[in-house]
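Listed here are the chains, written in short residue letters.
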Amino acid sequence: MTTTRRNLLKFVGGGAAGALLTPAPWRLITDSALWSENWPGIPRPAHGGITARFTHCTLCPAGCAVRARCVAGQPVSLTGVKPHAVSHGALCPWGIAGHHLPYHPARVRQGPVKEATAAVAQAIAQRGTGEHVAVLDLRPGRTVSWTHRRAMAAINGGLYLTPRQPGYSIDLAAAKTVISFGAPLFDGWGTPGNVIAARSIFRLIQIEPVETRTAAMADLWLPIQPGSEFMLAAALAGNMTLAEAALITGVGEQALAAVQEAAESGQAVVLAADPASPLMSLNEKYGALGRTVVARSDAPMPEAWKQAAPEMSMAAAPDGAIRVLLIDESLPGGYIPWRRIAPKLAPDAVVVVFTSSNDGYARHAQFVLPAAVYPETAEDIGPAIDTVAAVFRIAAPLIAPVVPAVDPARFVERLAGLPASEPLRERAGAIHKAGRGTLLDYTAAKSTPVKDVTADNFWKTLSQGGCWMDDSAKRTAPENLVFPAAGEPPRDERPLTVVVAEPRRGGLESPLMSKLERESNLRLAANRVALSPDGARASGIENGDRAVLETAFGRLNVVVAIDPSVPAGVVEVAGGPRMADLCGGNGRARVVRA
Amino acid sequence: MTGGKIAFASGMLLALAGGWLAFPRVLYRTHPQPVDFSHKIHAEKAGAKCEDCHAFRDDGTYAGIPTLDKCSGCHAAAMGTTAEEKNFIDRYVTPNREPQWLSYARQPENVYFSHIAHVKLGKVKCEQCHGNEGGAATLRPFAQDPISGYSRDIWGRPVNRIALRTEGGMKMDDCVDCHRRQGLEYSCLGCHK
Ligand code: SF4
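For the protein sequence lines, the chains are F and L, in the order given. Residue numbers for the first sequence follow my numbering, so the first one is 1 and each next one is one higher. Residue numbers for the second sequence follow my numbering, so the first one is 1 and each next one is one higher.
The hints are simulated quantities; they were obtained by calculation from the structure and are not laboratory data. Cβ coordinates follow ideal geometry from the N, Cα and C atoms, glycine included. Please note: incorrect hints may appear among the correct ones.
Simulated coverage check for chain L against chain F, where a stretch passes if three residues somewhere in it have a Cβ under 8 angstroms from a Cβ of chain F [claimed, not checked]:
#1 15–22
#2 143–156
Which residues of chain F face chain L? A partial, calculated answer using Cβ under 7 angstroms [as the list claims (entries may be wrong)]:
#3 Gly-18
#4 Gly-48
#5 Ile-50
Chain L with its partners taken away, still in its complex shape (with noise of 0.2 angstroms):
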């Protein structure tokens, strides 16, 4: 009898352990990205905002991650002695190639989404949706879910994220339950035109 007990409970802890601890490992595959930037550096000593590179284009659409000709502007040649930034101007600048940046924060296809209108009209701050960024010394690998093809951060960093709290990810429930905590509207057509 005892011995029964004792071999459920194990099975139990064994899939406890492997859901838990070992399923969010194997769950991502992680991608380093091309160029170890820094958004604190250029956040303190460049004293660059967010929306000097991240920027509107004069019609509104967002223009997303910056290309090649915006960082060139000021790293044509070396501005500091990192070997990063040595690494970047050889490899990119130099030879005019864009960097292959991964989006932490792509949408799948199917989903419209407006920056302007959130940012400007809404007066979402950045943080909200992305997180610190702007403040990290260093880019993190870019995570994705092989089975569905979102990025992390879209599901959201905790993997045990099981629609108990729809904060801190970028999946539709998260949509919907900010826009209905703000009373706002929502409905199919807003994001999946």
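In isolation and in its complexed conformation, chain F is listed as follows (with noise of 0.2 angstroms):
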């Protein structure tokens, strides 16, 4: 045989058909996938013991018990606390993952503390008369909201603004029937533990115009035509026929004549999806007030705070008099959309955000400050909605902060000249004083009425994740219970109302939502609209186009996805920052393929 190229070339082609006859090239594709997995930079877990410490998550006002299985000190899963009286051991997809959030690569990582604390200086010290210093905090009732409003208070001039608050809790355990203008029960609304628990207790009739999660668990679901939700609660109060209401709303008039049913067969409570609005009034008529509904009850606080700077609305704050405005989204709350802020501001007005996320006021404010996550940081949470009793609950840090983070407590207290204080003691020592309500150690699994606890042991227990639940109260009825409806929005001619049935907490999340948004698109992302089938023909759009929402407010590029749930006329989108400032309050839009 002579050696030509032909017969190399032979040899070569041989040579590589029979490596792929061969283990080598398969393994070595496989092994590469492998080594792919431990690049530099790849995180590597700790070793070492394996403890459990406890906490509560401050994800969302829920504030479920939390059991973290922690590797050489290091969180590495959450779980819930099963005899937890309320969370009973769950925790919801956001709750799960939240220990990933102090490694989230978007999130903000440093700030100009120097630079905003001169600039806030300033323009307090040359704000003209009748010009305001206020603290925003979209997280009321926590401990650390304390400490704003005796701030506030100590400022002259200071305002003290919140989103709008509900003074109920809602007793789901004492209803028979739920009756749910769009309230998210089983996706975000209360503590899932406690609403899976009521469950078979009651039953649950949702009215809203999709086929949300939870309108697909209700017993009956009411598809209603967008934006009617008042005449059919106009209807069971009895101020419009049910003939009449049927032609408004598009639902049966055999259907409303059962939800009337249910509804006056007693135990009926009556839910919406904003807490304040006025449909909440639909409850004194069903003697729910102070059986289901009842006044929120708060846990002592030492008797000095009591002076404090009131709850004050967004709306009735003074229009163009607010020189510093400090917002506190250190955790996530009820976003108020950024239109109905900017005209409360003073033309030269300095606006700081305590925020860890770019999503929300951190597109609007001149200085933005990284503020600690969850489990980095020690605060209470506030009262859940669905939590009759009060509660003081802890969320012991379970990892040292990773980016250099600013209390937006601390800031506020010195910007007033307030002492450094330890609120989150001096409040366990109000409570331990009141000697009322029972101590939940789950360390130690064990419940101890307070009075047979000691102060120091009491504090020591709560740091360390602990809660204290009060005795079941005198039940009352709640002084603000709706508050009043926004005026009527503009006239506008676009062709779609915006329904917004996808809650979404805002802040950062962990990719394990990105895993059931992006990927498996079970959830709505932030940049998704859902279109009927015949909406998105009639523009043009085919599943997973690019589109652009428009709305009297500006425009956004989003993702369409069909979805046969959604009516036609309707374009339903996830909640969040973004959205909100895009379409709250109008709720009609356009969407045009991009």
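Mind assembling these two chains? They're in different frames, but the hints should get you there.
Shown next as structure tokens:
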């Protein structure tokens, strides 16, 4: 055999063919894939002793009790605490992955602290008569909120602003029928474990245009014409005939009669997507006030704290008069659209936001200061909407802050010249002094009446993630049940009604949520909207197309999902700050193909 | 023409030989264990069972390879006459130095595996995943794939595991396959927490 170029090529070809019949190339492909999982920069979990630590999740006001499995002191998985009287061992997907948040790549990691402090001091010194310094607290009811209030009381012209807060709690276990006007009962409304535990007791009638997860799990879902909820409520209140209401709402007369019968058969409660909605006043008719809908009770607090600025809604703040606005967005909470805030600011106002996310007010503030995230910092959680007894739960930190975070309470305290304090400890002292209620110690798995615990042990247990729960008190009807409805929205010819049927908390989200949202499409991501098949066809849009969502307040690039459960004439959007800025309040939109 | 066929066939044969005979030898790097421990002697002479040394802690977590205290409990002084035992006592027990055992079965960092769930609840025998390690008179060298970082036992002994057979290893396919065969649940978050 002679060595020719052709033979050489055949030899190489034979070698290549032979190699394919061996494990070598296939194994090298698999190995390379595995090697790529270990690239430099990929975090290495610590090795070491396994311990359990306890805390409470602060990602929403439910404040579920959390057991963290820690390896070498580092939390590696979070689960619920089974014997907890309210959260019953359940956590939602946000809570399960809460320990990922400190490492979020999009987290706010640094900010101009010195510059912000100087600008605020200068603005306060130069402010004119009638100009205010204000704190906007997105999560009122916490101990930190009282620090803000005390600081604002100490500053001349200080205002303490909050989103509209219902002054009530709902006892689901005392209801036989729940009539929900779009309240996402199974999707972020209250404490998941508590709602699930009470589910077998009540019959759920869900009234909303889109078949949400809650609607799908309801005993009866009434798909209503968007925006006609008040007409249905008027019919239930007896101010309109069922026949008239049926015509306007698109809900059959028989179905309306069934709702009326269920509501009047006793122990019904009405819930609304906006907890401060005037729809809540139907509860008076059904005798739910003081029984199922009860005045919120707060944990005792030191007497001295009562010298605090009152809560004020943004609408009540004077126009053009806020010279310094400090926004505490350290925890996700009720986002107020920026266009409602902007008119309240003085022309040369200084706006500082304490946040971990660039998605909310960081888009509007001059100074963005990094805040600690769960579970880096010790704080308590305000009252949950579905917990009737007062509770005091501390989110004990599970890790040291990963970034140099600024504590909004300390910042405000210093601004007002208040001495540095340990408000959580002071509050625990006041609760202990009151001598009521029970201390839940998850580590020792026991509950002890407060009167049998020393003040030191009480604080020690609470600061290790324990919980104080008040004795059941006399139930009273709430004072602030509803807030006045916002005025009529301006006329808008855009063809689609916006329905926010996908509650989102805002703030950082773990990669687990991106699995649910972006990869599996189980939830609407912040940049997705859903259209009915007819609506999409009319706009020439296919499933997955890029489009522009346009409202009176701006435009946003979105991806469209076609969902047969969305009625024609509706665009379903996810909640969250961007959508609230774009859609909140008006409710009309157009979706055009990009 | 014949010359071309011969060239093709020789190329192919060479590649086949290289891929099947030489590749497995060069793929793994081997490292000796610090002590030549005999499971066989411990099982036969001392009547030890797997769980005597590879125990569960009180909270249900698995202790894995025993630490030196466990060994020193019996081997504070020599119990036999072997050179290996003397070496072990001199190098580790007396200076109270932990032997750096190389774990054949350590899963990668992104895997959570619960021994107690499998052994106590699932009644899986140790041998099903670890082979007959308990009957071996000597510890085989630890073989590691330097590219993936996996031990040879995780991949499975034969190098040619091209997803035709999913037994004999501890890869994800093996776990999923075993769960599937037994009609048990499996999901990403079960192991990748
Ligand atoms: S419901 Fe709220 S508090 Fe409970 S786990 Fe989820 S985010 Fe955390």
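Here is how each hint holds up against the structure:
| no. | hint | verdict |
| --- | --- | --- |
| 1 | 15–22 | holds (count 5) |
| 2 | 143–156 | holds (count 5) |
| 3 | Gly-18 | holds (3 angstroms) |
| 4 | Gly-48 | violated (12 angstroms) |
| 5 | Ile-50 | holds (5 angstroms) |
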